[in-house]
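Undergrad: Protein sequence lines correspond, in order, to chains Y and H.
This note's numbering applies: residue 2 is where the first sequence begins, and numbers increase by one.
This note's numbering applies: residue 2 is where the second sequence begins, and numbers increase by one.
Simulated from the structure, these hints should not be mistaken for laboratory data.
Please note: incorrect hints may appear among the correct ones.
If chains are identical, the list can't say which one is meant, so a pair holds when it fits in one copy or spans any two.
Listed next, the in silico DSS-like pairs over lysine-lysine satisfying Cα-Cα at most 25 Å (straight line) [stated by the list, open to error]:
{"id": "1", "residue 1": "K214", "residue 2": "K115"}
{"id": "2", "residue 1": "K183", "residue 2": "K214"}
{"id": "3", "residue 1": "K48", "residue 2": "K9"}
{"id": "4", "residue 1": "K115", "residue 2": "K3"}
{"id": "5", "residue 1": "K68", "residue 2": "K32"}
{"id": "6", "residue 1": "K228", "residue 2": "K183"}
{"id": "7", "residue 1": "K141", "residue 2": "K228"}
{"id": "8", "residue 1": "K39", "residue 2": "K3"}
{"id": "9", "residue 1": "K157", "residue 2": "K182"}
{"id": "10", "residue 1": "K32", "residue 2": "K3"}
{"id": "11", "residue 1": "K143", "residue 2": "K228"}
{"id": "12", "residue 1": "K206", "residue 2": "K106"}
{"id": "13", "residue 1": "K48", "residue 2": "K68"}
{"id": "14", "residue 1": "K101", "residue 2": "K23"}
{"id": "15", "residue 1": "K141", "residue 2": "K68"}
{"id": "16", "residue 1": "K206", "residue 2": "K3"}
{"id": "17", "residue 1": "K115", "residue 2": "K39"}
{"id": "18", "residue 1": "K3", "residue 2": "K48"}
{"id": "19", "residue 1": "K213", "residue 2": "K39"}
{"id": "20", "residue 1": "K115", "residue 2": "K68"}
{"id": "21", "residue 1": "K101", "residue 2": "K213"}
There are 2 protein chains.
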Amino acid sequence: MKIHQNIKVAVDAVVFGYSDNKLKILLIQQKFGSTTNKWALPGGFVKDAETLEQAVIRELNEETGVKANYLEQLYTFGAINRDERARVIAVSYIALINPKNYSLKADTDAIDAKWFDINDIPKLAFDHKDIITKGLERLKAKINYQPIGFELLNSKFPFSDLENLYQTILSKKIDRRNFRKKLLSFEILQETTEFQNIGSGRPAKLYKFNNKKYRELEQNGFHFEIKFA
Amino acid sequence: MKIHQNIKVAVDAVVFGYSDNKLKILLIQQKFGSTTNKWALPGGFVKDAETLEQAVIRELNEETGVKANYLEQLYTFGAINRDERARVIAVSYIALINPKNYSLKADTDAIDAKWFDINDIPKLAFDHKDIITKGLERLKAKINYQPIGFELLNSKFPFSDLENLYQTILSKKIDRRNFRKKLLSFEILQETTEFQNIGSGRPAKLYKFNNKKYRELEQNGFHFEIKFA
DNA sequence: ACAAAAGTGTTTTACATACACCCATGG
DNA sequence: CCATGGGTGTATGTAAAACACTTTTGT
Chain Y
2 MKIHQNIKVA VDAVVFGYSD NKLKILLIQQ KFGSTTNKWA LPGGFVKDAE
52 TLEQAVIREL NEETGVKANY LEQLYTFGAI NRDERARVIA VSYIALINPK
102 NYSLKADTDA IDAKWFDIND IPKLAFDHKD IITKGLERLK AKINYQPIGF
152 ELLNSKFPFS DLENLYQTIL SKKIDRRNFR KKLLSFEILQ ETTEFQNIGS
202 GRPAKLYKFN NKKYRELEQN GFHFEIKFA
Chain H
2 MKIHQNIKVA VDAVVFGYSD NKLKILLIQQ KFGSTTNKWA LPGGFVKDAE
52 TLEQAVIREL NEETGVKANY LEQLYTFGAI NRDERARVIA VSYIALINPK
102 NYSLKADTDA IDAKWFDIND IPKLAFDHKD IITKGLERLK AKINYQPIGF
152 ELLNSKFPFS DLENLYQTIL SKKIDRRNFR KKLLSFEILQ ETTEFQNIGS
202 GRPAKLYKFN NKKYRELEQN GFHFEIKFA
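Work out the full structure: start from the sequences and follow the hints.
TA: Below you can see the structure in the form of structure tokens.
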């Protein structure tokens, strides 16, 4: 096969995290190199002997030290001049992680990694802003018909966390009673015996997402779906 | 930028058509070359100076002579051995066309192109079967929340065509009265004064999809959505 | 007159929405 | 006892689902 093609393949990850009731994105900064000082999505070139997914996982680990619980291909960006240095197409992914589970290795020699509030993203390299926009759209759409929000929370969480998560991501108020009623009706949340005590207010009962139950229900044709006008 | 990467980038299209009340897919057959006799999705390598989308459009035109009204990126397939000859990643697209608008140029020297019933797909090259599966999933999901079905029909069509299209793609019976009521409630269908007379039965009034009206409504927050258990 | 497809309304059921007060704890 | 956040039920509105007969044409 003699094809003369000079296109490089990269992967980039839009990593979402949730903490302090805010939706965040994980960005890195090359401390040295051609794009110094510009923040960018974690990512890099795919190796000849690894799949796209392996490449994202590897790059994420190398650059930030995190491992995503949830990883999903987002979109492939192929504009001709998205990288001025060469023709590079970027296969992008979205990842969900719980920031509390990792301390970013911001101390390595080459790279700084930080969480940024989704509403306070700095100027980014390449077309990474577009990738984030697309990623956010996907996230907003997806939490309505797949129970992926749990990936952003602690494994045991109070109902209010889940509620705030949805309100934050969708940027809208949701009635507490209706939300709770709906979620509980799915029977994929498991009540624990534990409580969380913040300091003021009544302690909140903690729940767990029952993934096994969810998969069972899914098999039987159940379809997770939330609709809040 | 010195990256030693030996990965080629290709595009492939899952082209859906609808005729004789059947959902079809457009496949090509290399008459000569390494994959002779195996049917495959139309597609090919991306040129250095064209975008991914331009590449699909070009390949589609070269190999089959069709031009898609609707084209949407589907997924990027990056398994390591999906093509035994080299490492090739495939950015796949789905396209919708009305087969009646094109006669396939099955007469060219190198390639045969044919419509295949979705339920009667031959053995395919590479992982093209997987790509079709993914494409079909996307199509099934998407006709429920975007008015793309019209792209598969004549610009003026009887209600029964639309109804059959949905029933065929979703593989389920839909109540005629409820379907009609729902679609009409959106006010994106324009009644024409024409009728279609098949030969037996009462002639059917023809409708047009009012794209302009749809875009207006969309702007005002309207969201096309069909739900049939 | 009959076969074939188009066209048409009403009733029932389920789910989404709207809405406000009491409870348990810490300070 | 007050501030803070957690927990709960009901009534109303709206859209989905179920369901069968009449109309228009060709033969």
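Undergrad: All the hints need checking, so say for each whether the structure fits it.
TA: To see whether the hints hold, each was checked on the structure:
1. In this assembly of identical chains, the alpha carbons of K214 and K115 never lie at most 25 Å apart, being 35 Å within a copy and 45 Å across copies at closest.
2. Taking the shortest Cα distances, K183 and K214 sit within 25 Å of each other inside one copy (16 Å), while across copies they are farther apart (34 Å).
3. In this homomeric assembly, K48 and K9 come within 25 Å of each other (Cα to Cα) both inside a single copy, at 10 Å, and across copies, at 12 Å.
4. Taking CA atoms no more than 25 Å apart as the test, K115 paired with K3 passes in neither setting, with 43 Å inside one copy and 27 Å between copies.
5. In this homomeric assembly, K68 and K32 come within 25 Å of each other (Cα to Cα) only inside a single copy, at 22 Å, whereas the closest approach across copies is 47 Å.
6. For the identical chains of this complex, K228 and K183 are neighbours both inside a copy (9 Å) and across copies (19 Å), given an alpha-carbon limit of 25 Å.
7. Taking CA atoms no more than 25 Å apart as the test, K141 paired with K228 passes in both settings, with 12 Å inside one copy and 20 Å between copies.
8. Taking identical chains as interchangeable, the C-alpha atoms of K39 and K3 lie at most 25 Å apart only when they sit on different chains, with a minimum of 20 Å there against 37 Å within one chain.
9. With identical chains, the CA atoms of K157 and K182 are at most 25 Å apart within one copy only, with a shortest distance of 19 Å there and 45 Å across copies.
10. In this homomeric assembly, K32 and K3 come within 25 Å of each other (Cα to Cα) only across copies, at 19 Å, whereas the closest approach inside a single copy is 38 Å.
11. Taking CA atoms no more than 25 Å apart as the test, K143 paired with K228 passes in both settings, with 12 Å inside one copy and 17 Å between copies.
12. In this assembly of identical chains, the alpha carbons of K206 and K106 never lie at most 25 Å apart, being 33 Å within a copy and 67 Å across copies at closest.
13. Taking the shortest Cα distances, K48 and K68 sit within 25 Å of each other inside one copy (19 Å), while across copies they are farther apart (35 Å).
14. For the identical chains of this complex, K101 and K23 are intra-copy neighbours only, at 13 Å inside a copy versus 52 Å across copies, given an alpha-carbon limit of 25 Å.
15. Taking the shortest Cα distances, K141 and K68 sit within 25 Å of each other inside one copy (22 Å), while across copies they are farther apart (32 Å).
16. Proximity of K206 and K3 under a CA criterion of 25 Å is satisfied in neither setting, with 63 Å inside one chain copy and 55 Å between copies.
17. In this assembly of identical chains, the alpha carbons of K115 and K39 lie at most 25 Å apart only when taken from the same copy (13 Å versus 50 Å across copies).
18. Proximity of K3 and K48 under a CA criterion of 25 Å is satisfied in both settings, with 20 Å inside one chain copy and 13 Å between copies.
19. When the C-alpha separation of K213 and K39 is checked against a cutoff of 25 Å, the pair qualifies neither within a copy, at 42 Å, nor between copies, at 41 Å.
20. Taking CA atoms no more than 25 Å apart as the test, K115 paired with K68 passes inside one copy only; the shortest distance there is 15 Å, against 45 Å between copies.
21. In the homo-oligomer, the alpha carbons of K101 and K213 lie at most 25 Å apart inside one protomer (24 Å), although the nearest pairing across protomers, at 48 Å, exceeds that limit.
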